[in-house]
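Chains as they are written, first to last, in numbering that gives the first Met the number 0: chain A, 0 to 301; chain B, 0 to 301.
It is worth saying that the hints were derived from the structure and are not from the lab. Hints are not guaranteed to be accurate.
Just so you know, same-sequence chains aren't split out, so a pair can sit in one copy or run between any two.
As the list claims (entries may be wrong) - Calculated pairs, EDC-like style, for lysine to aspartate or glutamate (alpha carbon to alpha carbon, straight line, at most 20 Å): (1) Lys155 with Glu45; (2) Lys223 with Glu78; (3) Lys155 with Asp137; (4) Lys155 with Glu26; (5) Lys203 with Glu247; (6) Lys50 with Glu105.
Please read these numbers as outputs of a predicted model, since none were measured by experiment.
Listed below, chain by chain, are the residues.
Number of protein chains: 2
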Amino acid sequence: MGHAASIVVDWGTTSLKAALVGNDGEELDSLETPQGISSLGKGDHEAALMKAIAPWFSAHGALPVVALGMITSRNGWVEIPYVPCPAGSAELARGTVRMVLPNGSELVLLPGLTDPARRPFPDVMRGEETQVVGHGLDHDATVIIPGTHSKWAKVKAGRIKGFQTFVTGEIFALLLNHSFIARGATQPPVNDLEAYRWGLDEAKNSGAMLSLLFSARTGGLAGKLSADQLRSYVHGMVIGQEFRQAREAGWYSAGDEATIVGNDGLNDLYVIAAEVFGLGIAMGADDVLTRGAMDVLRQTLS
Amino acid sequence: MGHAASIVVDWGTTSLKAALVGNDGEELDSLETPQGISSLGKGDHEAALMKAIAPWFSAHGALPVVALGMITSRNGWVEIPYVPCPAGSAELARGTVRMVLPNGSELVLLPGLTDPARRPFPDVMRGEETQVVGHGLDHDATVIIPGTHSKWAKVKAGRIKGFQTFVTGEIFALLLNHSFIARGATQPPVNDLEAYRWGLDEAKNSGAMLSLLFSARTGGLAGKLSADQLRSYVHGMVIGQEFRQAREAGWYSAGDEATIVGNDGLNDLYVIAAEVFGLGIAMGADDVLTRGAMDVLRQTLS
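Bound conformation, chain A alone (with noise of 0.2 Å):
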């Protein structure tokens, strides 16, 4: 095991997610807490980190820790603005916020990014950026990053150039808890592939999302989608919806190739989508977000 150089916490809505990180990269040991920033008051935020990673600081001492996603958003520890797009980790590096914790241990926050151009209003992340640095940005490339909020990111000349939000997992989410379109899924949730790539057929067949989801009633009313397949049906519907826009959008063209990454649960449903629309996938490495946080910390170094 090679000695611990680092700590890289992933500080979202609902959770904290912390790496302990070899001279090398590597992945020494995790954790992961339910201490989310939507758990935490407002100065909450130090004792909690201080508690969380205690055993790492026992064990190696001081070590630099890098903070990023949500926890530098409006409700989180400090607010840092973003960063805005052409952007690479050079220009993040320049966006970071410096703290020193008690044990004297430096605290980096990572910024998010924005898109100036995207219409109607500026589009903003807070973590997947540092995703996509991890990832490269020695070639260009889309980036797919599925998630509740995925996003659609291009890189080109060594930066993020621009991206995109679909709201995918938040509609699937609301549609399968809330909704009476898709009341009489089975519970607990049955996952079958082929009603799930009969959802993406009829997305691709059909961009009147509105009328499209209805289906998930009359289909059951037409005996021709049972329980079982309702839920998987649903879930290709909806991410067929976000091939079919994010295509129309101008992301990508049947015959191109993307990059898939992150770790949402997601991926083979993204990599199955994506052949339906003709797209062509690469996957990312596993560790993209511990090497866009180093990446970015060293930038800061520099």
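Here the structure of chain A is known, so what remains is to put chain B in place on it, guided by the hints.
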């Protein structure tokens, strides 16, 4: 006041609405109870109906009762098969089911309508077809019935030729009540027509619905959209997507005219949306449901 001639019951998921109708089709009295089908078990329906309209039976003796809506669905009193499009009042009349109530009154249950041409599954309605009939089948028309599940229907050559459902109202409610996107909207709700038109304009500009919805959040972050504006802005985006998708599905072209019937409290908003999308609007009469029920009832007697 005319002589009481019949009773029309619009019996849906969450309420039972009844009208006492005179000889000339005029509404003499009305009532509403929360005894929708979701609150009733098997075998409870007759008693609930008799209790609700007992005062009218007491005052006027036995009267023919026409009932329609979700009461004839799988979860209702008696499941009646959908009548397929194209259909007019004669076809709907052939699909009715007749019963005799304890006081000797005849009960005529009206069927719903299905459009077998709709993909991926036949579309369905229960109740709205009666409103379209009540609006009149003499002239070809495009009819819009705003609601939780809005319907666009085509009247052609004296029959309802086809229709399509858009789950606009349901998506709006999900976004407002359960989503992170619209979290922060002022409570109690504020209606802001300027923000509503803004949302419509953005929907006219972009069909990337999953992305556009995120502007409810980024508009707040950018300081462009206030908590007071959020609700109406989201409503405009969603209703605007319905008009955009209906246009793309061939329901109208700019410069056409359509008629809005029904009264779900949304008509004024739909008129504004139509204007933004270049669709002329005529308003249907308020009593189309009663008229339609009477039309179908007459056909069952002929």
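Outcome of the hint check:
no.: 1; hint: Lys155 with Glu45; result: neither (37 Å within a copy, 69 Å between copies)
no.: 2; hint: Lys223 with Glu78; result: between (50 Å within a copy, 19 Å between copies)
no.: 3; hint: Lys155 with Asp137; result: within (8 Å within a copy, 61 Å between copies)
no.: 4; hint: Lys155 with Glu26; result: neither (28 Å within a copy, 68 Å between copies)
no.: 5; hint: Lys203 with Glu247; result: both (12 Å within a copy, 15 Å between copies)
no.: 6; hint: Lys50 with Glu105; result: within (16 Å within a copy, 74 Å between copies)
The structure is inconsistent with the numbered hints 1, 4, although it conforms to all the rest.
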